[in-house]
Every structure is written in structure tokens, then in C-alpha cells.
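Participant: Residue-level listing of the chains:
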Amino acid sequence: MNWSSLSDFVNMGGYGFYVWSSYGMCAALLAAELWSARARRRRAVAEAQRAVTREAT
Amino acid sequence: MNSTTAAPGVSIFRFSAPHVFYPLAGKMIPWFAALALVLTAVGMYLAFFVAPTDATQGESYRIIFIHVPSAWMAMFLYVVMAFWAGVGLVFNTRLSSMMASAVAPSGALMAFIALWTGALWGRPTWGAYWVWDARLTSTLILLFLYLGFIALQAAIDDPRRADKASAVLALVGVVNVPIIYFSVKWWNTLHQGASVKMTGTSMATTMLAGMLVMVFAFWMYCIAIVLYRVRTIMLERDRRSAWVKDALARNE
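Those sequence lines, one after another, are chains L and R. Residue numbering for the first sequence follows our numbering, starting at 1 and increasing by one per position. Residue numbering for the second sequence follows our numbering, starting at 1 and increasing by one per position.
These are calculated hints, taken from the structure and not from any lab test.
Cross-link-like lysine to aspartate or glutamate pairs, in silico, EDC-like; alpha carbons within 16 Å at most:
1) K245(R) to E47(L)
2) K27(R) to E252(R)
3) K245(R) to E55(L)
4) K185(R) to D133(R)
Generate coordinates for the entire structure from the input sequences, incorporating the hints supplied.
Facilitator: Have a look at this one:
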């Protein structure tokens, strides 16, 4: 175990800003990618469904 | 498709038919996503709780566990993107071009994460967020190649013409990948050389293990998101085709 306490962990030996800015940005961007991919898929499914109903009527 | 003209046995080309590939990709996504989650959990545990403090860089080196995976994926995804774009260009296969389009945003994201984490690692180790060093500059060019590919596709209305034009860009840009990889050897750069080589490694075992687990985690994540995105692109482009209608009816 590298850390004696939570604040020790957050502090990252004085490099907390650099380490957590890296991990934070990475997590935020991957979350944004997932969110936008899902939104795009929902749009595409809705559009395709509309195309099917248009054809049927 | 006429079954009498199909080659006997299982042909690899069978999977390139949209009505086969679409549900298959859909079934594969949860597996790759689950693998990515498990590997990330193990990798993060190794990265923060098992891998020791670096003797020279202290705790700042822990950025490596996302920096190296994202940088490797950025390069690897570019080759994958150029490969599919090239296949689409040569054999005129639509699904290959859609694969290239699906890879591009993830590649751009990986390149950006590599640059961002690299800057935050460079500041405490070199004293600068950014230097115009060969490795950094060529990685920035990689990001611009991805963005150029995406922008070119968006700029051309006809999807097949867009595929062809952007495929040429992707293929020309491939030359940048070996430049990135060998930049630390060819030029005298600030960026450190490879810690992992064919002949062995200069890293502690647990550091290396954590890094490799994270590489696989990023890899699995990228496969999952690319498959997810290519399915969306297939729906967007084939909206009016019979297979989409069938797929929607079966709720695939």
C-alpha cells in the first residue's frame, strides 16, 4: 500500500494537480464520448423507424 | 443475396453483409465493454495501490497508466482507420468505409488524451507543458489528421465520394505513424525513449503489469465504442434499406 490516508492519496506526493487533471480529463472525455455516441444512435434509430413508417403508409 | 452463388462453407465475406454484421456487432459489444470495465478496475488498482513510487519522478509518473495506452491506441487506431479506408477505396466495399468513419472520432479522442496527459506529465518532469519536440509535434499532427479526416467527410455531401476522398487523406497520413514511433530514436528529443522494447523493459514489474492491463482496457473500450458507432453509421446510411427494416423489427 502506497498511501497512509485519503489526503495522502489525493495529494499524490505533491503531484495531485497533474495526476488528477490527467485522470479527470480522460474520464470526462470518455463519458462524453459514450454519451454522444448514445445520443447519435438514438437519433439514427428514430430516423430509421420514421423511414419505415413512412414507407408503410 | 442469392444462396446458390455463395461459396460453400463459411466465407469471411459473409460477415461483410450488413444484415449479418449488424446483429453480430451488437452481440459483441457487451463482451468488449465488460472486458474493458474489468480490466480498468484491475489496472487502476495496480496503478495506484500496487505499483511503487518512481525513484526519480515520484508519483507524477502515475500518469503513464493512461498516457501510454491512449498514445498507443491513437497510433494503432490510425492504422486501423487507414486500413479500412483503403479497403473501402480499393474494393469499393461500403462497410469498410463505414468502419473507417467509426474509428476516426475514437482515434482523435485518444490522440487528444495522449497530448493532454503528456502535457500534464511534461510540466513536472521537464518544466514545460509543451515543447516543439519531434514526438509531441508528430502526435499533434496525428490529431490533426484525424480531425482532417472527420472534417473532409463532413464537407462532402455524397457519402461514397466522401469515403473516397477521406480514404486518400487517411492513407497519405499513415506515413506519420512510424514517424511518431521512431521519433524518439531518429531525433534528439526531450521525450523519453521506449521503456518497453522487444528486448525487455526498464520498468518495475508491477508498473509494467499495470500499464499493460490499462493498454488492454483501452483496447477493449475502443473496440466496443467503434462497433457501437459503426452500427449507428450503418443505420444512418442504410435508413431506407430492407435489412434496416428487418433489424428494427427484430429489435436488434
